[in-house]
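Undergrad: With these hints in hand, go ahead and build the complete structure from the sequences.
So the protein sequences, as listed, match chains Z and R.
With the working numbering applied, the first sequence closes on residue 81, and no number is skipped along the way.
With the working numbering applied, the second sequence closes on residue 1393, and no number is skipped along the way.
Check before you lean on any hint, since a few could be wrong.
As the list claims (entries may be wrong) - If you only want the chain Z side, here are some residues facing chain R, beta carbon under 10 Å, derived: (1) Ile13; (2) Lys40; (3) Met42; (4) Ile58.
What the hints assert, rightly or not - Here are the simulated DSSO-like cross-link-like pairs (lysine-lysine), alpha carbons at most 27 Å apart as the crow flies: (5) Lys76/Z with Lys1166/R; (6) Lys65/Z with Lys1006/R; (7) Lys1042/R with Lys1343/R; (8) Lys40/Z with Lys1006/R.
Said to hold, decoys possible - Restraint-style ranges between C-beta atoms, simulated for each label pair: (9) Glu1323/R with Glu8/Z: 32 to 42 Å; (10) Pro1296/R with Val60/Z: 45 to 55 Å; (11) Leu39/Z with Ala1019/R: 20 to 30 Å; (12) Cys1066/R with Thr29/Z: 49 to 59 Å.
Just so you know, the hints here were simulated from the structure itself, not pulled from any lab data.
Glycine included, C-beta positions come from ideal geometry on N, C-alpha and C.
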Amino acid sequence: MKREEIFETLEEILAEVLQKEVEIRPETTFEADLEVDSLKAMEILAAVEDRFDITVPINVLNEIKTVADFAEEIEKLLEEG
Amino acid sequence: MGIFDKFARLASQLEQVRAAFGGINVVIEKILSPTEAIVNGKKVILAGTNNYLGLTFDKECIEAACQAIREEGTGTTGSRMANGTYYSHVILERELSEFFDKKATIVFTTGYTANLAILSTLVGREDIVLLDADCHASIYDGTRLGGVPVYRFRHNDVEDLEKRLKRLREKQPQANILIVIEGLYSMLGDRAPLKEIVAVKERYGAYLLIDEAHSLGVLGERGRGLAEEAGVEDKVDFIVGTFSKSLASIGGYCTSDYEELDLLRYASRPYVFTASLSPANIAAARTALRIIRERPELKERLWQNALKLYGRLKEMGFELGPEPSPIVAVRFREPERALSVWKGLLEQGVYVNMVLPPATPDGSALLRASVSAAHRPEQIEAISEAFSSFSPA
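TA: Right under this line is the structure:
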């Protein structure tokens, strides 16, 4: 899956979970820009797992600050299969 | 940037709550019994204590604790690995093994420490933990301390668990996978679908740890918890629990049929680097454990009270947890509404726990009542009456 497709899917997931239109750029931050709290973070994670058919360890959440960080992690997990 | 600047958002939220509702921290000015206390200069019924069997003022427990202090002193002043293992610690471990019919038990200084110790040590970076999303903070904290990769599954959703387990198994056929769940979940008082989880665990060759903090003394014919009630005790690999609820003391334990559990004593930092349980706490817990066996009527009374309160609040139209249990959680969509009902209940002489996001499972606010075997019928009636003066919305 291409990076652009991952971005588009992430945008859809964020809009669903946050219940608002969001426009994301790679440098968009989850905490400051999107105001994602710990509960929302878990919902987003579950939705990402379902949509991409991957399992994401919650340990990586501490390292993920921006949309680009998350997309990179998803890409990595998709490659691992 | 000052060191406290990171708390600016929290401080402003607290300020808003204080301005609108006054203080939200309750001080028990005087505790009168397992079910009554003085709060704000007024007598209130305690309906949020986890004191399920009401044993905190039991004569036998008090006498045993006093005697232990007289004989063994007020504290052990040392770690279990140094000078802090007394004969009474060893006896308590033996009695717990007998109670659960397991081969090995380790006792810890609190329930929190028990989870911290087990989950930071039993599993490491090469293993995998799959936990129910609603698991207690001590479980999450334990896994963080040990650095094991953690995956979550949706609360009580066996299909979701299996989906993740399948993916992880395919990717890492040899890895040790530990599933972590609770017997009775502390926020909504709902049980885990244990039989189904055990079936999945067996199918994929995983281990299972169940935290029975809220179900010891509450579920199962002999009060051993959900594993006993569901008839799958021999399929549960590790049981963790606490002395600070039904056993009316403080402390925690892990029990298992794996005799190798004993090795964790030498490897677990939360076991080694903290002072051991005080003699009074051990004596109270041992006595309460005996009482669970000798007085099954306490569990019966607890359930009568639970069913009564759950039924009454349900009739009034409150949105409750999915099934009746000694934890009767009332859900409010708006935290402000929960706050104002909580304060109103307190003014009417009823104390319940208030749980606000992000501590709640789904972002709603909860007023969490918990009943005790020590509640008299008229107290349950008074708690129900107090709730009836508020609309459920």
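Undergrad: Take the C-alpha atoms of Lys65/Z and Lys1006/R, compute the straight-line distance between them, and say whether it is at most 27 Å.
TA: 17 Å, holds
Undergrad: Is the straight-line distance between the alpha-carbon of Lys1042/R and that of Lys1343/R 27 Å or less?
TA: Given that 27 Å is the threshold and the Cα spacing comes to 14 Å, the pair holds.
Undergrad: Falls inside 45 to 55 Å, the C-beta gap from Pro1296/R to Val60/Z?
TA: 48 Å, holds
Undergrad: Hint says 32 to 42 Å; check whether the CB-CB distance for Glu1323/R and Glu8/Z agrees.
TA: The hinted range 32 to 42 Å holds for Glu1323/R and Glu8/Z, with Cβ atoms some 41 Å apart.
Undergrad: Within a Cα-Cα threshold of 27 Å, do Lys40/Z and Lys1006/R meet the stated pairing?
TA: Within the cut-off at roughly 20 Å; holds.
Undergrad: Quick check on Met42/Z please, does its C-beta sit within 10 Å of some C-beta on chain R?
TA: Hint holds; Met42/Z Cβ to chain R Cβ min 6 Å, cut 10 Å.
Undergrad: Regarding the hint that Lys40/Z lies at the interface with chain R, is the smallest CB-CB distance below 10 Å?
TA: 8 Å, holds
Undergrad: Would you check whether Ile13/Z satisfies its interface hint, that is, whether its CB is within less than 10 Å of any CB in chain R?
TA: 16 Å, violated
Undergrad: Compare the distance between the alpha carbons of Lys76/Z and Lys1166/R with 27 Å, and conclude whether the hinted pair is satisfied.
TA: 19 Å, holds
Undergrad: CB of Leu39/Z to CB of Ala1019/R, is that within 20 to 30 Å?
TA: 25 Å, holds
Undergrad: Can you verify the interface hint for Ile58/Z: is its Cβ closer than 10 Å to any Cβ in chain R?
TA: Where the cut-off is 10 Å and the nearest Cβ of chain R is about 5 Å from Ile58/Z, the hint holds.
Undergrad: Mind checking the hinted window 49 to 59 Å against the Cβ distance between Cys1066/R and Thr29/Z?
TA: The hint (49 to 59 Å, Cβ to Cβ) holds, given that Cys1066/R and Thr29/Z are roughly 57 Å apart.
In the structure shown, a violation is registered for the earlier hint numbered 1 alone.
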